Amino acid sequence: MSGAVNHQFALPVSLQWPDDAARVPYQVFLDPAMYAREQECLFRGPIWNYVALEAELPNPQDFKTSFVGDTPIVVTRDKEGGLHAFVNRCAHRGALVCRDLRGNRPTHVCVYHQWSYDLHGNLTGVPFRKGVNGAAGMPEDFQPSQHGLRQLQVATYNGLIFVSFDPQVEPLTEYLGPDIRAGLDRLFHRPVQVLGHSRQFISANWKLYAENTRDPYHASLLHLFHATFGMYRSSQGGGVALDARGRHSSMHAYRKTETEELSAYKNTDLRSYQDKYALADPTLLQGRPEFPGLMIQAIFPNLTVQQIQNTLAVRQSIPRGPEQFELVFTFFGYEDDDAEMRAIRRKQANLVGPAGLISMEDGHATEIVQQAIQCDQEATSIAIMGGREVGGEESLITETGIRGFWRYYRELLGIAGAGKVQKEHGAQENGTWTHENYASR
Amino acid sequence: MDTRELRFTVEELLHAYVRCIDSDRLEEWPEFFTDPCVYEVMPRENAEQGLPIAMMYCDSRGMLRDRVVAQRKANIYAPHGYRHLLSAVSVTGYADGAASVHANYAVYRTFFDAVHYGHSELFSVGEYRDTIVFENGVAKFREKRVLVDTARILSLLVTPL
Ligand code: FES
Ligand SMILES: [Fe+2]
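The listed protein sequences derive, respectively, from chains A and B. Heads up, the first sequence is in the numbering used here, so the first residue is 578 and it goes up one at a time. Heads up, the second sequence is in the numbering used here, so the first residue is 56 and it goes up one at a time.
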């Protein structure tokens, strides 16, 4: 338990997690007490949560409902163009105020007793407040200004909207750090246009997906589309950059020359090497040069930003209880895309999303973990590919981003020893531990 | 073609189409389409906003074939099968040899994996919006737009709807 802050939701007393971000007890993917603690210390803690693209709320009075962890919220644009966010729970008796996914309206009125709120979340109307026909209304001391909807901090970066429950949260630009900002500068350098959404409901803990998006090690081993059709993606070069705290991962990949790739590939005996299939219609992959290589950014806690060929998307993962999460893809292009570019993006969208030819496996991978860990809460995973350290890597065969995620997670949840110098804790790996100074990295 | 004969032909095609998928003869699936064609699995959410991105979008028989090869050889997912239920088939128009057809579908998915063996669930409901033409006297889909009500896909979508 964290000593300094009093948290409403305690860590489970049964949690055994030595000071190690590379070994994660399966309990964290299962235990409702961990889930409650995360909602408080992580999602409502000193972090920024992605909730929408500005392009989803282009006009005054537009709104979109979303979630911060499992707290329902509304993001609004006011008449002057400013953005606001508030918790979507009526101050009266707790009903969902805004019941639509998106739309445009000047006020938000709860249907239950029609309390109404402005676009900031301030309470502006209470029916029968003064009573009716001589009957008493609300007590004299009732002050509407004290009964608004809980308002959140809002900040944007290049058209991505983030919110925070914590008024003391660090500025968004600092939170993101230089590598994430560079990636977002690259993708959001001119006005974007939303091209569509897709949704996946996955029976796994949300953090298994946070790991997955920080895990370039699996890319050529789990996803076999390119290899099956003779595109030798597994020998891609690239690397991972982490922010100073290790919480965000920015992964870049570039293709080596065909010959380099082919020989590297044929010399290994992976199930992912086959060369007997060719695409009957290669127009699927015919794009336009736009960005070099591929970029996947995993932004703590719940956002993935992707550029895969000409497919651009943000993915928000929303926890739906300890053992389920929802993944919402928002595909985008640029306002000035021509018709051909629009057609390319539409066709390449086949590659990702719930039916993504090169990536549908990710959700399934998290599900088969969830299925297999049910009975052994104290057993741990092990993520030491590329070492035990947290830091950038000039290689895609690494789990450094996963270690970074857990290191920061432990810190936020107040799990003892987080962020401190790692201490030896018993024989590991035949005693070949090297001690890394996590704090100094 | 008279109306009753057209309706009969349309229903035969739809039934053969869902039987092909439900009996896992996916290699035959592309043959139900003309080449070029449009096969699209579109969340209603996007269609209603006029947004172009679909979950699957194929514009040739080759792309349909590539989907099947990917499913058989590349993609990894829990083994499963479908049962389509079809209803409210209506021929909404017929012009220049092309019939416009709407039909409701529901797909139940049954798992054959180690953990869920024999578990069935309602996987997807929606509507087919088809354009059917005749190629050498054989009815084929020139367009099959699957308008999906169930925007929230459980796990993943690999077998075509
Ligand atoms: S619960 Fe919202 S007005 Fe009563
Ligand atoms: Fe993946």
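These aren't lab readings, by the way, just hints derived from the structure by calculation. Watch out, some of these pointers could steer you wrong.
Restraint-style ranges between C-beta atoms, simulated for each label pair [claimed, not checked]:
no.: 1; chain 1: A; residue 1: P859; chain 2: B; residue 2: E103; range: 28 to 38 Å
no.: 2; chain 1: A; residue 1: F868; chain 2: B; residue 2: H157; range: 54 to 64 Å
no.: 3; chain 1: B; residue 1: E103; chain 2: A; residue 2: P683; range: 54 to 64 Å
no.: 4; chain 1: A; residue 1: H697; chain 2: B; residue 2: S145; range: 42 to 52 Å
no.: 5; chain 1: A; residue 1: A916; chain 2: B; residue 2: I131; range: 31 to 41 Å
no.: 6; chain 1: B; residue 1: S145; chain 2: A; residue 2: H795; range: 44 to 54 Å
no.: 7; chain 1: B; residue 1: E66; chain 2: A; residue 2: P859; range: 54 to 64 Å
Just some of the chain B residues that point at chain A, by a computed CB distance under 8 Å [said to hold, decoys possible]:
no.: 8; residue: R99
no.: 9; residue: N101
no.: 10; residue: P107
no.: 11; residue: I108
no.: 12; residue: M110
no.: 13; residue: L141
no.: 14; residue: A150
no.: 15; residue: G152
no.: 16; residue: L211
Everything numeric in this text was worked out from a predicted model, so none of it was measured. Virtual Cβ for every residue (Gly too), placed ideally from N, Cα, C.
Hint check against the structure, violated hint numbers in rising order: 2, 3, 7, 8, 13, 14, 15
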